[in-house]
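Undergrad: Residue numbers (our numbering), protein chains in the order written: chain F, 1 to 145; chain W, 1001 to 1183; chain X, 2001 to 2160; chain A, 3001 to 3105; chain Z, 4001 to 4113.
Quick caveat, the hints were computed from the structure, so don't treat them as lab data.
Where a beta carbon is used, it is the ideal one built from N, C-alpha and C, also for glycine.
Honestly, I wouldn't trust all of these hints.
Just so you have them, the derived chain W footprint on chain F, three or more residues with Cβ under 8 Å [what the hints assert, rightly or not]:
(1) 21–31
(2) 34–42
(3) 74–85
(4) 111–120
List time: in silico DSS-like cross-link candidates among lysine-lysine, alpha-carbon distance up to 27 Å [as the list claims (entries may be wrong)]:
(5) F:K61 <-> X:K2002
(6) A:K3080 <-> F:K61
(7) W:K1083 <-> A:K3080
Heads up, incomplete: computed chain Z residues facing chain X, CB under 7 Å, no partners named [claimed, not checked]:
(8) G4026
(9) H4038
(10) V4066
(11) C4083
(12) H4088
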Amino acid sequence: MRSFSILRVVAKLLIPYILLFAFYVQFHGDFGPGGGFQAGVIFAAGIVLYGLIFGLRAAQKVISVTLLEVMIPTGVLIYGGTGVICLLAGGNFLDYRVLDHHWGHGLVPHGQHLGIFLVELGVGITVSGVMIAIFYLFAARRQTS
Amino acid sequence: MTESTQFIVIPLLGLLAATALTVARMRDLWAAVMLSGIYSFLGACWMMVLDAPDVAFTEAAVGAGISTVLMLATLSHTSRTAKSRPRISWPALIVVIVTGSVLAYGTLDMPHYGDPDAPIHRFPSPTYIEKTEHDVHDMPNVVTVVLASYRGYDTLGETTVIFTAAVAVTLLMRIRRPEVTAS
Amino acid sequence: MKHTISLAVALGAVWMLWSGHTEPFLLLLGVLSILAVVGICWRMQIIDGESAPIQLGIRPFVAYLPWLIKEIVVANLDVTRRVLAKEMPIAPTVIKIQTHQRTDLGRVIFANSITLTPGTVSVTMSGDEITVHALSPTEAEHDTECAADMNRRVVQLEGS
Amino acid sequence: MLYGLVLLGVVITMCLALYRASQGPTVFDRMLAANMFGTKTVLLICIVSFLIDRTDFLDLALLYSLMSFIGMVAVLRFSKYGTFADVDEAIDQSGPTGKSLRDVS
Amino acid sequence: MNWMLDAITWVLLLGGAFFSIVGGIGIVRLPDFFARLHGGGITDTLGAGLILLGLMFQAGWSLALVKLIMILAFLFVTSPTACHALAHAALSNGLQPQLVEPETQTCDEGQQP
Chain F
1 MRSFSILRVV AKLLIPYILL FAFYVQFHGD FGPGGGFQAG VIFAAGIVLY
51 GLIFGLRAAQ KVISVTLLEV MIPTGVLIYG GTGVICLLAG GNFLDYRVLD
101 HHWGHGLVPH GQHLGIFLVE LGVGITVSGV MIAIFYLFAA RRQTS
Chain W
1001 MTESTQFIVI PLLGLLAATA LTVARMRDLW AAVMLSGIYS FLGACWMMVL
1051 DAPDVAFTEA AVGAGISTVL MLATLSHTSR TAKSRPRISW PALIVVIVTG
1101 SVLAYGTLDM PHYGDPDAPI HRFPSPTYIE KTEHDVHDMP NVVTVVLASY
1151 RGYDTLGETT VIFTAAVAVT LLMRIRRPEV TAS
Chain X
2001 MKHTISLAVA LGAVWMLWSG HTEPFLLLLG VLSILAVVGI CWRMQIIDGE
2051 SAPIQLGIRP FVAYLPWLIK EIVVANLDVT RRVLAKEMPI APTVIKIQTH
2101 QRTDLGRVIF ANSITLTPGT VSVTMSGDEI TVHALSPTEA EHDTECAADM
2151 NRRVVQLEGS
Chain A
3001 MLYGLVLLGV VITMCLALYR ASQGPTVFDR MLAANMFGTK TVLLICIVSF
3051 LIDRTDFLDL ALLYSLMSFI GMVAVLRFSK YGTFADVDEA IDQSGPTGKS
3101 LRDVS
Chain Z
4001 MNWMLDAITW VLLLGGAFFS IVGGIGIVRL PDFFARLHGG GITDTLGAGL
4051 ILLGLMFQAG WSLALVKLIM ILAFLFVTSP TACHALAHAA LSNGLQPQLV
4101 EPETQTCDEG QQP
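Just chain F, with the same shape it has in the complex (with noise of 0.2 Å):
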């Protein structure tokens, strides 16, 4: 697909916006519309897209299953661990109150807004590297028939 000139040219030029916008979701979740959720199936689909044009194998190289074998479950990890670190801090599970701090004031955000960072993060990681397994999965087969 990559001597299709026209679609190869406009999917490098917008391919790098797709991911910015992916990142600007993941972190603009708490001022508008957006989250977890969304960024990680936008970030998918800008490597989804490259896929399509440069091949299964060239993505396979940026995005190699290996880090998507390792990126699925540590999203999982981070948000479970987030409830854990609030358990040691000596609140309830997933209770972010407890994570008030004052280092780094101003910079690094603390207490439920630190929690629900930390939480959209390892929804994000996890449902992007899911996307993408599933897309790398079902195009990894021949067609059977």
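Put chains W, X, A and Z on the given structure of chain F with help from the hints.
TA: Just chains W, X, A and Z, lined up with the frame of chain F:
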């Protein structure tokens, strides 16, 4: 949802129903994939008109980016037309009609659309909104707060569901290496 | 290298325009996001004169875009007239146009400009030949002139 | 009032496109209609976000305008090769820079 | 000044709605797939362009204006690309454009792939 967008809800719902009927009628699966893309576009519009941008955003991200690609990828492993011709099965039709009419009867008892006295508007939404003001000072989007904080357990469960789905699809779809079977 | 830097600058500008927040935390996230995107694009090997076309400068906006918009409006009015006329005076034709651009980017701009003006759609592009489906012969005739003009302008756009 | 009229225009266009999608006759006509729905959705979201005066909803329209063509790329890939795996005609050794251009068409 | 902005918005938005409906009529009336592509083109260019331009006048100097400009720019890049991809897909699937004089308004059956 405001008064000004009220008039557009019914036409959009009509279009959704028409699209769904067309998809059900379609025997060409490729065309059905394309029409389900249209359904997703309309769904996002409808959510938008109902003032639910977070849901619309999810619909948009999945519908515009991924679902057509995955559906076509699925289609590349099967045939492009549905094999069986539709037949009317009378018991099934009766069950569907009875269930549908019971559900429709149930809606008669529901509060009117946008009724401020409806249970959903009295509890628990206002408490969430008030508590968001108090608990989380700098997060204007209440939906994110509700999903990630007040209902953190739910969202953890959902993330685990997605994880499980990935594991299941991997187990089903991976390409098996030729194994040496124990004789 | 200059492409990487210009892509990063463009992404930074776009991030600020999307976000509009100037809290330090979000600015930090923005910088990290841009680094991540540039890193991924670098791994994808897509950073070059096609994804960050700085060699075109501002010529697309000052010289080409106004003319293209004028052509789009003219072509739109013509197709509208044809579609709304009772007997629909259309006679589809297929023409082939030789391109004179030196780069793929120029050819892509040319082909997409042809598609953007209603009444003509570039169907395939192979080598330096574009197959165009036109709605009517006069349209095609007008379009061959117009396309020659467009061709010349896109060549100018590429610069030296 | 004005926004309502324009919304109505967009919905009428959607109805016309849906007619084409349901009538066909070829599968590509349905795709053309689906493609048109993408643009219509962008317009509808923009108008609604101005109507209810929440312009941060424009992110949605931005998302659609960036991504709705991915579906059409998938359609081209599917109709040309019938599979999403790497096939011999689909890959060549040129790399994403497109230095050695070989055209399939 | 305000009424002038409003008047411009009225004209642009109604013009955009008109052209988008014309595109819809084109997609219904035109005889074969390749001709219908042009109908879709009207909606994508002038219809979308005028409506977004009209909204820009209402946005004023804000981030909404920038987002509208970006939406328009992305649409003008992606919609011809999608159109081209669709035409190419149809052609490579054996759908031939109907090139005769369409004196008779019969609907082209085309080829079901």
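Undergrad: Given Z:C4083 as an interface hint, is its Cβ closer than 7 Å to any Cβ of chain X?
TA: Cβ of Z:C4083 sits 5 Å from chain X, so the hint holds.
Undergrad: Taking 8 Å as the Cβ threshold, is the statement that the segment 111–120 of chain F is covered by chain W upheld or broken by the three-residue rule?
TA: Since 7 is at least three, the answer is holds.
Undergrad: Report holds or violated for chain W covering the segment 74–85 of chain F, Cβ cut-off 8 Å, minimum 3 residues.
TA: Held - the segment 74–85 of chain F has 5 residues with a Cβ nearer than 8 Å to chain W, which meets the minimum of three.
Undergrad: Keeping to a limit of 27 Å between CA atoms, is the pair of W:K1083 and A:K3080 held or broken?
TA: holds, 23 Å
Undergrad: Is the interface hint for Z:H4038 satisfied, with its Cβ closer than 7 Å to some Cβ of chain X?
TA: holds, 5 Å
Undergrad: Does the structure keep A:K3080 and F:K61 at a Cα separation of 27 Å or less?
TA: holds, 24 Å
Undergrad: So is the segment 34–42 of chain F in contact with chain W by the C-beta rule, three or more residues under 8 Å, or is the coverage claim wrong?
TA: Holds: 6 residues of the segment 34–42 of chain F have a Cβ under 8 Å from chain W.
Undergrad: Minimum Cβ distance from Z:G4026 to chain X below 7 Å?
TA: holds, 4 Å
Undergrad: Check, residue by residue, whether the segment 21–31 of chain F contains three or more positions whose beta-carbon lies closer than 8 Å to a beta-carbon of chain W, and give the verdict.
TA: holds (count 4)
Undergrad: Minimum Cβ distance from Z:V4066 to chain X below 7 Å?
TA: holds, 5 Å
Undergrad: Regarding the hint that Z:H4088 lies at the interface with chain X, is the smallest CB-CB distance below 7 Å?
TA: Since chain X brings a Cβ to about 6 Å from Z:H4088, closer than 7 Å, the hint holds.
Undergrad: Hey, F:K61 versus X:K2002, does the alpha-carbon distance stay inside 27 Å?
TA: Holds, because 24 Å separates the two Cα atoms, which is no more than 27 Å.
Against the hints set out earlier in the document, no violation occurs for any number.
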